[in-house]
Amino acid sequence: MDLLTVSVTARESAGEAYTLVEIAGEADVTNTDDLRQLLEEEVSQQPRTLIIDLSGLRFMDSSALHALLRVNRSMDRQGGVLALVSPQPAVAKILRLTTADRLIPVFDSVPDAAAG
Amino acid sequence: MPHIWSVATRSAIPAARFLPGVSCLLMAWDAETAWCKTAAEAAARPPVPQAAGDGSAYPMPPSPAPAHDPMSYTYTTDLAAIRAVVHRYAVKAGLSEARAIDLVLAVSEVAANTVRHAKSPGSLQIWYDTKEIVCQVQDEGTIPDPLAGRRRPSLEARGGHGLWIVNEVCDQVEIASDETGTTIRLHMDLRCS
Numbered sequence: 000m001d002l003l004t005v006s007v008t009a010r011e012s013a014g015e016a017y018t019l020v021e022i023a024g025e026a027d028v029t030n031t032d033d034l035r036q037l038l039e040e041e042v043s044q045q046p047r048t049l050i051i052d053l054s055g056l057r058f059m060d061s062s063a064l065h066a067l068l069r070v071n072r073s074m075d076r077q078g079g080v081l082a083l084v085s086p087q088p089a090v091a092k093i094l095r096l097t098t099a100d101r102l103i104p105v106f107d108s109v110p111d112a113a114a115g
Numbered sequence: 000m001p002h003i004w005s006v007a008t009r010s011a012i013p014a015a016r017f018l019p020g021v022s023c024l025l026m027a028w029d030a031e032t033a034w035c036k037t038a039a040e041a042a043a044r045p046p047v048p049q050a051a052g053d054g055s056a057y058p059m060p061p062s063p064a065p066a067h068d069p070m071s072y073t074y075t076t077d078l079a080a081i082r083a084v085v086h087r088y089a090v091k092a093g094l095s096e097a098r099a100i101d102l103v104l105a106v107s108e109v110a111a112n113t114v115r116h117a118k119s120p121g122s123l124q125i126w127y128d129t130k131e132i133v134c135q136v137q138d139e140g141t142i143p144d145p146l147a148g149r150r151r152p153s154l155e156a157r158g159g160h161g162l163w164i165v166n167e168v169c170d171q172v173e174i175a176s177d178e179t180g181t182t183i184r185l186h187m188d189l190r191c192s
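Chains A and B, in that order, are what the protein sequence lines are.
Under numbering that gives the first Met the number 0, the residues of the first sequence are numbered 0 to 115, in order.
Under numbering that gives the first Met the number 0, the residues of the second sequence are numbered 0 to 192, in order.
Think of the hints as simulated: they come from the structure by calculation, not from any bench.
All C-beta atoms, glycine included, are put in the ideal place defined by N, C-alpha and C.
Hints are supplied without guarantee of correctness; some may be wrong.
As a list, the in silico DSS-like pairs of lysine-lysine whose alpha-carbon atoms are at most 27 Å apart [stated by the list, open to error]:
1) Lys92(A) to Lys118(B)
2) Lys91(B) to Lys92(A)
3) Lys130(B) to Lys91(B)
Taking beta-carbon pairs under 10 Å as the criterion, some of the chain A residues facing chain B (in silico) [said to hold, decoys possible]:
4) Asp27
5) Met59
6) Asp60
7) Arg69
8) Thr97
9) Thr98
10) Val105
11) Ser108
12) Val109
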C-alpha cells in the first residue's frame with residue numbers, strides 16, 4: 000500500500016468551479032516531491048479555488064507543510080484561494096504550531112470551504 | 000570541528016529563574032573555547048560563562064543512557080514504521096494521546112533529517128521509566144550550528160522548521176554533534192502527561 004494517495008476532482012458549488020484534492024495516508028520527506036509535483040500541476044490549471052481535503056491524512060511533517068505553503072504562495076500570486084479541510088489531530092498540530100493555519104484558511108467540511 | 004552539544008528544556012530548572020521571560024532555556028557549549036550561552040544572549044552579545052542556580056556549572060554532559068536495554072530500531076527511509084513504533088511506546092509508557100502525537104512528530108522530524116542529510120542509516124532507541132520517555136536518534140550527519148532549531152523560522156523560509164518543531168513539542172532536547180555524527184535525545188515528562 001502506498002504511504003500517500005492523492006485524488007483530484009473538478010467540482011462545482013453554486014455555479015463556481017473548484018478543484019478538490021483529497022490527500023490520504025502519511026505525508027513526509029520521503030514522498031513530498033511527488034506531492035509537490037502533483038499539487039503544482041493542479042495550481043498550473045489556474046483554479047480560482049483549490050481545496051485540499053486532509054481528512055484522510057494521518058500525518059504530515061514539515062517538508063509536506065512546506066509543499067502546502069508553496070502552493071498557497073502560488074495560488075496567492077495568481078489571484079486564487081487555497082483552503083484546507085478537516086485536518087486530523089497530528090496534522091492540525093503542525094499547522095497550529097507553525098501558525099500556517101493563520102495563513103491558510105482551514106474549514107470543517109468541503110462545502111464550507113467551497114462556500115468560502 | 001569542535002564537539003558541540005546543547006540542551007534545551009522547558010522545565011523549571013534553577014537557572015531559568017535568572018532569565019525572566021525565557022521559558023525555553025538554551026545552553027550550547029563548545030568544548031574547545033569553553034563558552035556557553037543562553038537563548039536570550041545568543042543574538043549578538045559575547046558569550047558569557049554561566050553557572051546554574053544550584054551551583055553546578057553548565058554545560059552538563061548529555062544524560063546517561065538507561066541501565067536497562069532500550070528498544071533499538073535501524074531505519075533508512077521507512078519513517079512511517081518509525082512513527083508507528085514511537086507511538087506504540089509512547090502510549091505504553093503512559094503518555095497522553097496528544098503528547099504521543101507530539102513525540103511522534105518530533106522523532107519523525109529528526110529522522111527526516113537523516114533521510115535528507117546522512118548517507119547511511121540512522122538508529123532509534125527508546126526507553127522509559129516512571130518519570131520520562133526518551134527517544135534517541137543517531138546518524139552520521141553533522142549539525143554545525145549549536146543553535147539549530149532554537150529560532151522560529153519564517154513561514155516563507157524554504158526549510159528549517161523541523162528542529163524548531165522538535166524544540167517546541169518536547170520537554171527537553173539534547174543535541175550532540177561532531178564530524179563523526181549526531182545524537183539527538185528527545186525527552187517527554189510522564190508526570191505531567
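*asked:* Let's test the interface hint: is any C-beta of chain B closer than 10 Å to that of Thr97(A)?
replied: Holds - the Cβ of Thr97(A) comes within 10 Å of chain B, reaching about 6 Å at its closest.
_Satisfaction of hint between Lys92(A) and Lys91(B), Cα-Cα up to 27 Å_ = holds (22 Å)
*Using Cβ atoms only, decide whether Asp27(A) comes closer than 10 Å to chain B, and label the hint accordingly.*
holds (5 Å)
*Holds or violated: is there a CB of chain B closer than 10 Å to the CB of Met59(A)?*
Because about 9 Å separates Met59(A) from the closest Cβ in chain B, which is inside the 10 Å limit, the hint holds.
*When the nearest CB of chain B is found for Val105(A), is that gap smaller than 10 Å?*
Val105(A) check fails; min Cβ-Cβ to chain B is 15 Å, beyond 10 Å.
*So, Asp60(A) near chain B? Judge it on the closest CB pair being under 10 Å.*
holds (5 Å)
*Once the shortest beta carbon distance from Thr98(A) to chain B is found, is it less than 10 Å?*
holds (7 Å)
*Assess, step by step, whether the Cα of Lys92(A) is no farther than 27 Å from the Cα of Lys118(B), and give holds or violated.*
With a Cα-Cα distance of about 30 Å, the restraint between Lys92(A) and Lys118(B) is violated, given a limit of 27 Å.
*Given the hint that Lys130(B) pairs with Lys91(B), does the C-alpha gap stay at or below 27 Å?*
holds (13 Å)
*Please verify that hint: Val109(A), Cβ, nearest Cβ of chain B, below 10 Å or not.*
violated (24 Å)
*Would you check whether Ser108(A) satisfies its interface hint, that is, whether its CB is within less than 10 Å of any CB in chain B?*
violated (23 Å)
*Supplied contact hint for Arg69(A), tested at 10 Å Cβ to chain B*: At about 9 Å, which falls below the 10 Å cut-off, the nearest Cβ of chain B leaves the hint on Arg69(A) intact, so it holds.
Checked against the numbered hints listed earlier, the structure breaks hints 1, 10, 11, 12; every other hint is satisfied.
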